[in-house]
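Colleague: The lines below spell out each chain.
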Amino acid sequence: MKKSIGIAIILLAIVIATAILSPNFLSAYNLENLLRRTALFGILSIGVGFVILTAGIDLSIGGVVCLAGILTPYLLTQMGWTPTETIGAILLMSLAIGILQGSLVAYGRIQPFLVTLCGLLIFRGVARGITMDQTQGFQGKFAGIRWIGNGRIPLPGVDGFAIPAPVLSLVIIAVLAMVFLNRTVWGRWMKAVGRSPNAARYSGVPVARLQILAYTICSLLAGFGGLLFVCDVGSAQPSDFGNFYELYAIAAAVLGGYRLSGGEGSVVGVVIGAAVMQVLRNAIVLVPWLPDTAEFAVIGLVILIGVLSDELLRRFAASRARTQAKGV
Amino acid sequence: MTVAPPILQCRGLGKRFAGVHALRGVDLDIRSGEVVAVVGANGAGKSTLMKILAGVLPQDSGEVLLAGNPIRFAGVRDAVRAGIALVHQELHLADNVDVAGNIFLGREPHRFGFLDRQAMHSQAREWMSRVGLELSPSTDVSTLSIGHRQMVEIAKALSLRAKVLILDEPTSSLSMGETTRLLALIRALAEQGVAVVYITHRLNEVLLCADRAVVLRDGARVAEFSREQLTRERLVHAMVGTIHEQHARGDRESRSGSTTRLLVRDLKTQAHPEATIDFSIRRGEIVGLAGLVGSGRTEILQSIFGIDKRIAGEVVLDGRLVASNDPAAAAQRGIAMVPEDRQRDGLMLEDSVRLNASIIRISRESVFGFIRGGLERAGVARMVGLMRIHPATPERPVGLFSGGNQQKVVLAKWLSTEPSVLLLDEPSRGVDVGARAEIHSLIRQASDRGAAVLCAISDTEELLLLCDRIIVMRMGRIEGEMDVAEATEESITRLAIVGSVEFAA
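These protein sequence lines are chains A and B, in that order. Numbering-wise, our numbering puts 183 at position 153 of the first sequence, and it's gapless, one number per residue. Numbering-wise, our numbering puts 1064 at position 352 of the second sequence, and it's gapless, one number per residue.
Think of the hints as simulated: they come from the structure by calculation, not from any bench. Yeah, the Cβ is synthetic: ideal placement off N, Cα and C, and Gly gets one too. Incorrect hints may appear among the rest.
[Said to hold, decoys possible] One side of the interface only, derived from the structure: several residues of chain A facing chain B at Cβ under 7 Å:
#1 V215
#2 A222
#3 N228
[Unchecked claim] Sample of chain B residues with no beta-carbon within 12 Å of chain A, all distances over it, derived:
#4 G844
#5 A896
#6 Q904
#7 R929
#8 R946
#9 H984
#10 R1032
#11 A1048
#12 P1051
#13 R1054
#14 M1060
#15 D1063
#16 I1083
#17 K1125
#18 E1198
[Stated by the list, open to error] Rough simulated footprint, nothing fancy, chain A against chain B, three-plus residues with beta-carbon under 8 Å:
#19 1035 to 1046
#20 1073 to 1081
Let the sequences and hints guide you as you build the complete structure.
Modeller: And the structure:
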């Protein structure tokens, strides 16, 4: 928990700054939208957090989001599948992608960077091939299934503001992830794999199976995320749907306290990290003197500052702990 | 008697960590051409003292005199410039660079900004010949044995014009042959006028090669012996306060009547595919693997546990086969493995004692995969008390503990699961006499509960102290087997070095 305080402070600072610079920021409409985007990206970020925890990386998230995002309307409208069949197929496909990529990393001993980079290219390529690059939409139907992405849960007595439905998914996923990581043997072992793969192996921890599990969770959440995204926006263009999402997810995890060398990170931190990313993107649009075209530059800069200040804070805490210990 | 003035002196050195005295008023004189052994139990302050001398740490009180002048090192570079070099227990060589590159790392000879490879290699060859390292300077360090790496470190120190050479437990991972060579080198360096400070747990080596031995206990200098005064008993007595090393040997029951627990049949390892290994261990028996470094002992342990793939052969535990190349399955069957390099393979150094010690047990006592936190904490607290892990702080990162206590944590991880087979690779490497005795007693307790124990140990003295039976390895093969009652240090060493076949000249 303590480690998430730094990133929480950064979030608060950016929120306050944006609120001062743009009067529209605190409007109910904007906040609701912000919450929705945070929930959607938060789900992807929690997923990649598992992989980063084992000292791996998953660059294929954008590809999986794209494939899930275009297949959802495609299966519903072109193939005539029922919503249940469609959701089942998307989740099964994501599961298979995760197991495949995880096995290539764990048993094939191929660098995760390479495996998932190829995955990123392949999944987008497949998505474009299936649809012949045609935009896929719900054609105004399927409001029922689309609720999980674009639904609003009204608050009694509050007008103009409602809880976006994806927040529900995020909360359930975040709670499950926290329970898994902190309360189960596999969660404990997954951290051990990231801390020291050698020590884990010499302790009889099934390292390969845990790595595969991490990639599977990540792809599953990416596929589910893609489903939510397309339900939210209503249509998906195969050539750019989910572009750069893997980088947003990785950035959120790193901001939230995950170390790319593995073994450290918290679910709460990663969700706050995802929120920081979305507030930033929002701020660039709202603040009049910030050019929208500078979005990537600003985001890159803020992540750098965030990671740097986190490192400094960590060193400060460590040296204070040392002096305190000396004083006893 | 006229003696050379001390090149390095300490006067009343004091150092505190977290309020605990690591050193209290230590005096030490080091003269050129002399080998001074610094001995003491873990936590006695040896490493702290050496780190202050080598400029790694500043002292809190007292002073260091260099050739009679007070000096304060701002860092390691300062000390190196003054001619003081520390060779660490854990070696710090760059694996991907050749020998010459390592000797001159950071100060490579160059011409017009380009690396002068020729000059570097010829100079490297000079320093290598001084330490008796007969290798090409372009040999990759990653292919060298630990013994050879040590020589490279010493050559590097000498090339820095070291007048004082501090060796921190240099023989802890060397084979018998390598140790003999290193001790000879130390004597030779002393004769050339280098002052050698030698930190070790191995009392035999102190008796063999030290001109003087200084004993530290609880951060204070408790004794100093000249060459003539040196005896084993005196050293042990000064180190631990009371003599309690030689014990427990006599009162062990014979295991010759108990049933076979572990059977290794027709095993071929990747390192020595030409040799076939066969042996068995009874319930409660402690079997030692003797042999030189590289004789294939580690590989046998690793192929039983499944870290290495077996080329051929099978391992049978209690009548059932153990899967090859699957450590998780081996652990499930009750096989425990204590690796040689505990920092790399045995522990998650940044994690607490609790997380390290409970990593296997949590899965045994879990319900539907959920950790039972209360049981976990209670179990770890019990093990910390039982094994006398010091300080008894389960939430402290294990990397902050001394070597002996780290090893106890590795043992706690396995012993808390009551293993059927206990495999140990150099279980008391870098561990002091007191902790070694405790580790031995824990191993014996595990065997008393029926575990079959197999341990690879380089120190013949320790083999005789701990084991019921000894298997001697040589070049990947089993060269001989003997009951501890009929084994001697000499017979083991002879078998390990020359084998069972006597050659006529």
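Colleague: Evaluate the condition: distance from the CB of H984/B to the nearest CB of chain A exceeds 12 Å.
Modeller: About 21 Å separates H984/B from the closest Cβ of chain A, which puts it past 12 Å; holds.
Colleague: Is the interface hint for N228/A satisfied, with its Cβ closer than 7 Å to some Cβ of chain B?
Modeller: 5 Å, holds
Colleague: Is the claim that A1048/B lies outside the interface with chain A correct, judged by CB distances over 12 Å?
Modeller: 8 Å, violated
Colleague: Going by Cβ atoms, does R929/B stay more than 12 Å from chain A at every point?
Modeller: Its Cβ never comes within 12 Å of chain A, the nearest being 23 Å, so this holds.
Colleague: Is the nearest Cβ of chain A still more than 12 Å from the Cβ of G844/B?
Modeller: 33 Å, holds
Colleague: Please check whether the beta-carbon of D1063/B is more than 12 Å away from every beta-carbon in chain A.
Modeller: Check fails; 6 Å does not lie beyond 12 Å.
Colleague: Using Cβ atoms only, decide whether V215/A comes closer than 7 Å to chain B, and label the hint accordingly.
Modeller: Holds. Min distance 5 Å.
Colleague: R1032/B clear of chain A by more than 12 Å, beta carbon to beta carbon?
Modeller: R1032/B clear of chain A: closest Cβ-Cβ about 17 Å, beyond 12 Å.
Colleague: Quick one: work out the minimum CB distance from E1198/B to chain A and report holds if it exceeds 12 Å, violated otherwise.
Modeller: E1198/B is indeed farther than 12 Å from all Cβ atoms of chain A, at 34 Å.
Colleague: If I take the minimum Cβ distance from R946/B to any residue of chain A, is it greater than 12 Å?
Modeller: 36 Å, holds
Colleague: If you count the residues of the region 1035 to 1046 of chain B with a beta-carbon closer than 8 Å to a beta-carbon of chain A, do you get 3 or more?
Modeller: holds (count 5)
Colleague: Find the nearest Cβ of chain A to the Cβ of R1054/B and say whether that gap is larger than 12 Å.
Modeller: For R1054/B, whose nearest Cβ neighbour in chain A is about 9 Å away, the distance does not exceed 12 Å, so it is violated.
Comparing the model with each numbered hint stated earlier shows that hints 11, 12, 13, 14, 15, 16 and 17 do not hold.
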